[in-house]
Amino acid sequence: MARRLTRAFFDRPPEELAPDLLNKFLVSTRDAEKLVARIVEVEAYCGSTDPASHAYRGKTPRNARMFGPPGHLYVYFTYGMHYCANVVAGSPVDDAGAVLLRAAAPVEGLQVMRTRRPAARKDRDLLAGPARLASAFGLDRADDGLDLVRGPLGLYDDGTVTRVRPGRSPRIGLAAGKGERARLRWFVTNDPHVSGPRSPSRRTVGRGIGT
DNA sequence: GTTGCGATTGGCT
DNA sequence: GCCAATCGCAACC
Numbered sequence: 039m040a041r042r043l044t045r046a047f048f049d050r051p052p053e054e055l056a057p058d059l060l061n062k063f064l065v066s067t068r069d070a071e072k073l074v075a076r077i078v079e080v081e082a083y084c085g086s087t088d089p090a091s092h093a094y095r096g097k098t099p100r101n102a103r104m105f106g107p108p109g110h111l112y113v114y115f116t117y118g119m120h121y122c123a124n125v126v127a128g129s130p131v132d133d134a135g136a137v138l139l140r141a142a143a144p145v146e147g148l149q150v151m152r153t154r155r156p157a158a159r160k161d162r163d164l165l166a167g168p169a170r171l172a173s174a175f176g177l178d179r180a181d182d183g184l185d186l187v188r189g190p191l192g193l194y195d196d197g198t199v200t201r202v203r204p205g206r207s208p209r210i211g212l213a214a215g216k217g218e219r220a221r222l223r224w225f226v227t228n229d230p231h232v233s234g235p236r237s238p239s240r241r242t243v244g245r246g247i248g249t
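Counting from 39, one number per residue, gives the positions in the first sequence under our numbering.
To be clear, the hints were calculated from the coordinates, so they are not data collected in a lab. All values reported here derive from a predicted model rather than from experimental measurement. There are no misleading hints in this set.
Below, a list of computed lysine to aspartate or glutamate pairs in the EDC-like style, where the Cα atoms sit at most 20 Å apart: (1) LYS216 to ASP133; (2) LYS72 to GLU146; (3) LYS72 to ASP181; (4) LYS72 to ASP185; (5) LYS216 to GLU53; (6) LYS72 to ASP196; (7) LYS72 to ASP178; (8) LYS72 to ASP161; (9) LYS97 to ASP133; (10) LYS97 to ASP132; (11) LYS97 to ASP182; (12) LYS72 to ASP195; (13) LYS160 to GLU146.
Label-pair distances were calculated between CB atoms; the ranges are: (14) ALA70 to PRO107: 27 to 33 Å; (15) LYS72 to GLY96: 37 to 43 Å; (16) THR227 to ARG188: 30 to 36 Å; (17) LYS160 to ALA46: 33 to 39 Å; (18) VAL145 to ASP69: 16 to 22 Å; (19) GLU146 to ASP178: 18 to 24 Å; (20) GLN149 to GLY106: 30 to 36 Å; (21) ALA70 to ALA214: 44 to 50 Å; (22) THR227 to GLY183: 28 to 34 Å.
Yeah, the Cβ is synthetic: ideal placement off N, Cα and C, and Gly gets one too.
All chains should be built: construct the whole structure from the sequences, respecting the hints.
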């Protein structure tokens, strides 16, 4: 019995929203195809206070979506070839926050995902990484701004009660001095679909990588 | 106008 | 583990 997440759910700071997105279901019903995936790894990016955030230096054409209303999709292009998808969170006026969808467990529509991700040798790799997830769902800059509350792409809660506290660690792929120590990554502990470290450890939980 | 690099991935050593 | 791929953006000249 899945219910769709509402605007109010998203209207919170990214560091509060992020862990609550774990074990929610990303559902796409575009182009007569149905894709379903359970989110297992996310990262929070906190606007003007966060050196790693695209919004750190203010609003630009690229990151404008982050400054818009919560519950919409922010998609950006990186490394000259990859797209990454974020959920816009709530933020104070003139600020911006978002949650990067880093990894998910495929649930439905695996055939389509495999077609879009020919390099994935195992199904557990179909959505294990932000650019992989975006690719498998066919997301690109044209999808920037999709309304997750009302559009063909949505987030759902199936009513499952999550009793286990999520794993937490510093974010992946950040350069030194860019907020690489902040523990703003959350993941479902020991889930094989997580892209980075997936178990609590001294290195990832104690004081953070690089310290 | 030019340059350096990134919220990554996949293939090769 | 190392590194090339590939280009938009933003910083700097």
